[in-house]
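Chains A and B are the protein sequences, given in the same order.
Sequence positions in the first sequence follow the UniProt record's numbering and run 1 to 290.
Sequence positions in the second sequence follow the UniProt record's numbering and run 1 to 278.
Everything labelled a hint here was simulated from the structure, so no lab data went into it.
In this text the structure is predicted, and so the values were computed from the model without any measurement.
Check each hint, because a few of them may be wrong.
Stated by the list, open to error - For the chain B half of the interface with chain A, some residues (derived, Cβ under 10 angstroms), not all of them: (1) 87; (2) 97; (3) 100; (4) 104; (5) 119; (6) 122; (7) 150; (8) 153; (9) 211; (10) 259; (11) 260.
Virtual Cβ for every residue (Gly too), placed ideally from N, Cα, C.
Spelled out from the first residue to the last, the chains are:
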Amino acid sequence: MSPYELLWQPFADFAFMRHALIGCLALALGCAPIGLFLVLRRMSLMGDAMSHAILPGAAIAFIVYGLSLTAMSIGGLLAGLVVVLAAGVVTRATQLKEDASFAAFYLVSLASGVLLVSKWGSNVDLMHILFGTVLAVDAAALIFLASVASITLLVLALFYRALVVESFDPEFLQSMGGRGAWAHFAFLILVVLNLVAGFQALGTLMAVGLMMLPAASARLWAKELPALLAIALGIALVAGYIGLLISYHGDLPSGPSIILTAGLAYFVSLAFGARGGLIWRWLGREHLEA
Amino acid sequence: MSHAHHHHAHAQHAPAAAPRGAIALRNLTLTYHRHPVVHHVSGQFAPGELTAIVGPNGAGKSTLLKAIVGLMQANHGSVETGGLKPHEIAYLPQQAAIARDFPLAVQDVVLLGDWHSSGWFGRVSRSARQRADEALARVGLAGFGKRPVDELSAGQFQRVLFARLLLQDARVILLDEPFTALDARTTAELLELVASWRREGRTVIAVLHDYEQVRSHFPHTLLLAKECIAWGDTATVLTQANLNRANGMPQSWDEQAPVCHRDETPLPTPPHDHAHSH
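Extracted from the complex, chain A is given alone in its bound form:
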């Protein structure tokens, strides 16, 4: 098999593969920086929680409108926003910490979703929502994915400084009258938006993978924010491309292939990462003089 056949022909020959590739790249552009901020804010499990929280919205939309990606996306978005706002209000109004209030709301949301699907849907539908089908991304879905990626990058660029300060020293921003809560909520809405974008392509469970794995890997290579962002983006983009190729050549489901590729990047980083990779410990290099 020539390199061309291996690396590009699937995309040259099949429109659905081109759609899938562009969809994955757009998704990677939005998800990777969001994941990095989740990791830096010690909210790594939040993406996971939110991915469950959007399930009932998608399920209700599916029951009412059938397998309409638009309806399911809007439903998921609404469910996610309700959970974000409710958990945010509870965090600010009571002594419950953010993780506890998110856990409570997402569990209620998830249970409602499972209840709805098992009563009025079928297991096939549930599998579809949980694992997605990137190979079925059509033109409308592509526009949605591209829009989400654009909005995410624009909002992050605009709120970058506030978000960084809010993560590093929230009291400072608050004491300067800086309204850090706005940056925080804007960020949470971006998380929901990207998960909704991800779930039609990869499924709700897999979309989190494209957020967290590149971000966690980047932490093992770089120590400054711009470099971290670049590395996370690079890994997410490459994982999307290679994962699709593996899925095509190996006749494997696309979502798990993409996430496992990102997982491989994570394990390589874990072993060889310049900042804290395990190999440096195994090598047991002598310490420096100063």
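The hints should help you fit chain B onto chain A, whose structure is shown.
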């Protein structure tokens, strides 16, 4: 008593209305879950002077700073900031409040002191960058600008936060246990910086635990044990009798504490317990 003395000492700077930039507490009560942590405290911090806040753990010292800087709302009474804008009151929190492993460079942290002009979206000016370099040099960290903060020691990180305060150029500077866990040399150098703020006419309010440090560097002291035990010249405040009273503050959490009626007039012979602490 010592409180009155304090007003007298600054009568020439402090006419009837609080001057701009003077921080005053008016019968201030701060609570957690209805239980007072700062209870009916009144007085004014000497403008352009160094005031130490001392008192036992749980006396409400950090809470008071948070209320002055606006991180906490008064349950009763008020904090008056004499028309200062939020950015004119700089605040150094206890170190634990900051995510020190965040991937930021030292100069980025120092430049946060320029927040009121750069804000969420604005440009960081060339002059701000230059002032950041100068501030780093003043705290003894010249050339550290590009270093990531997670590689700094606790002492170096505190120096970085002092550089941020320098850049903030605020009229009032609040420090919460600024020298805890620092070595003698770092403490001495940062104390020198605090002394220079006094020469520049800034008001400094610092929560401290080392009485010797307070006696030798801070002319004014507020001794707090939920209530104001004494407030005024350090020598008259830090007496053994006052310290004994402060340390006698009840440590236990009274779940059944009755509602406080101290401000309700006319006062009958008060049946409740805490009014007798004077």
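Quick rundown of the hints versus the structure:
1. 87: 5 angstroms, holds
2. 97: 6 angstroms, holds
3. 100: 9 angstroms, holds
4. 104: 6 angstroms, holds
5. 119: With a minimum Cβ separation of about 8 angstroms from chain A (threshold 10 angstroms), the hint on residue 119 (chain B) holds.
6. 122: 9 angstroms, holds
7. 150: Where the cut-off is 10 angstroms and the nearest Cβ of chain A is about 7 angstroms from residue 150 (chain B), the hint holds.
8. 153: With a closest approach of 15 angstroms, the residue 153 (chain B) hint is violated.
9. 211: 28 angstroms, violated
10. 259: 21 angstroms, violated
11. 260: 22 angstroms, violated
Checked against the numbered hints given earlier, the structure breaks hints 8, 9, 10, 11 and satisfies all the rest.
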